[in-house]
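J.: Sequence:
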Amino acid sequence: MDWVDTLLRWPRAHSDMTETGPDSSDETADRGDTGEATHSDTDSAGANPPSSAGIAGLARSDPLAAVSPLDGRYARRTVSLSPYTSEAALMRARVRVEVEYLISLARLDTPAISVTPAETDVLESLYRDFDADDAALVKRLETKGAAGYEATRHDVKAIEYFIRVRLNEAETANSIDDAARLFPWIHFGLTSEDINNISQRLLVKPAVSEVLVPAIREIRDTVASLAREYRDLPMLARTHGQPATPTTFGKEMAVYATRIGRALGRVDRASEGLAGKLAGASGTYAAHAAAYPAVDWQQFAAEFVGDLGLEHVRLVTQVNPCDDLAALFDAVRGVNSVLLDLDRDAWLYVSDRYFGQQSIAGETGSSTMPHKVNPIDFENSEGNLSKANSDLRFLGEYITQSRLQRDLSDSTVKRNIGAGFAHCLIGYTKTADGLDTVVPNEQVMREELEATPEVIGEAVQTILRREGDTDAYERVKDLTRGERVSLESFRDLFDELDIDETVRKELSELTPAGYTGFGDDLVDTVDWHRPD
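As numbered in this note's numbering, the sequence shown has no gaps in its residue numbers, which increase by one up to the final residue, 549.
Pairwise CB distance ranges (calculated):
| no. | residue 1 | residue 2 | range |
| --- | --- | --- | --- |
| 1 | Asn185 | Arg279 | 50 to 56 Å |
| 2 | Glu491 | Arg521 | 18 to 24 Å |
| 3 | Asn191 | Gly400 | 56 to 62 Å |
| 4 | Gly71 | Asp150 | 24 to 30 Å |
| 5 | Pro86 | Gln375 | 23 to 29 Å |
The hints are simulated quantities; they were obtained by calculation from the structure and are not laboratory data.
All residues carry an ideal CB built from backbone N, CA and C; glycine is no exception.
With these hints in hand, go ahead and build the complete structure from the sequences.
T.: Here you go:
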């Protein structure tokens with residue numbers, strides 16, 4: 018990850034990468050294919066803010082100068098996404114797709130192209146060893162021009178020229194012969210979307226499986242441990258915010274652990290279902306068919322996409338419809354919604370003192386109230402997961418729409434997938450931090466149960482119903498609804514009832530702490546080793 022970190026530090030050596038801003042040519046991403054005049058959406062205002070607005074001595078590379086907290090305040094929490102969601106990562110993925118496509122073309126019988134083992138090794142090294150200098154060159158080719166090429170003002174065309182430049186260098190170094198003979202076959206018959214849609218999925222898939230999913234599993238494992246450890250700890254339940262039939266703390270945690278597990282399963286399935294397209298400018302393979310009509314290009318595309326670990330989507334316009342990405346974003350939102358529920362419940366447990374919080378030496382909870390230990394991690398997670406769900410919902414709705422065969426409004430939007438994932442990751446790590454600093458307060462839970470004996474009213478009226486008492490519900494309601502009662506109040510009621518002594522004894526032995534049903538056993542029924 019060193020090459021990504023180098024780029025994130027915004028070094029002076031790479032100033033020519035950033036003079037036009039970090040965003041690329043969304044407005045022109047495919048116009049280069051048509052030969053129309055292009056104009057990039059990059060401009061010269063991004064790198065050096067006006068001095069009147071700047072802070073003296075604060076470099077643009079300083080996290081304190083970051084436009085977004087994702088790469089500023091929270092950079093430490095989001096850095097693991099950089100290899101998958103940064104612009105440099107997208108450059109490298111594009112190089113990989115272009116290179117593998119060229120190598121795959123050479124395996125066909127019909128096109129007049131061959132690639133030697135030495136050339137294959139050089140080609141694969143272009144993405145395998147892709148570093149900060151390579152990313153800087155790609156950006157120069159796009160924005161300024163380099164190595165004899167004028168500025169492309171087109172981010173995908175810059176990749177094609179980057180490959181040419183590096184192949185020429187390999188020829189100069191005697192690593193390959195006649196680099197120029199490969200040039201016509203780079204990006205042969207393709208539109209930019211063929212490269213982009215596959216590249217994005219090659220990044221999104223591991224971003225989810227290697228970064229987001231492990232963070233979610235860590236939360237699930239912690240919650241599962243709490244469920245097992247406190248399987249039989251009785252706790253007052255609340256429905257509508259009011260005292261309700263007791264439960265066990267372990268059972269409540271088991272509910273969350275299983276919900277997270279099910280939601281993770283949906284994420285895994287959606288991630289495995291990501292699909293790529295390779296069908297040309299209008300989805301008809303027209304350029305390919307015109308050049309080599311005898312080749313089964315549909316089969317070639319299916320095999321090429323499949324070899325890259327993606328499903329193949331056959332019927333498309335110029336764009337991959339993105340229904341697969343929308344399904345993935347929806348699945349991630351499902352996880353987030355469960356964790357939002359957990360965050361809010363944890364916050365309430367802290368408020369009710371069901372959770373004790375470990376204070377951190379030197380930490381300030383309030384600027385005016387020295388005693389405060391705030392549930393800030395759960396609050397921070399709630400905010401970030403809510404923002405993530407808003408972003409993911411917007412992404413899922415927006416990228417699945419495109420006017421006729423293609424418009425480019427989605428291009429700039431897709432650059433924000435990393436931001437949505439970053440808010441997810443911050444939320445996950447904050448929930449994990451919060452769970453690590455809380456401990457169930459058994460004494461408070463038991464004391465509150467003892468102070469709320471009216472919750473056995475459900476058990477009383479149900480047992481009396483069993484015994485044929487048609488007024489059981491009303492009898493208990495008159496005693497308890499809106500009233501503060503004691504166990505003695507119940508026992509006085511039991512003494513007045515015309516019931517068998519064994520039933521009277523059964524009723525008299527009811528206690529809030531003992532009225533938890535199969536709460537502890539339910540925790541034991543969970544198969545904690547079952548895959549999500």
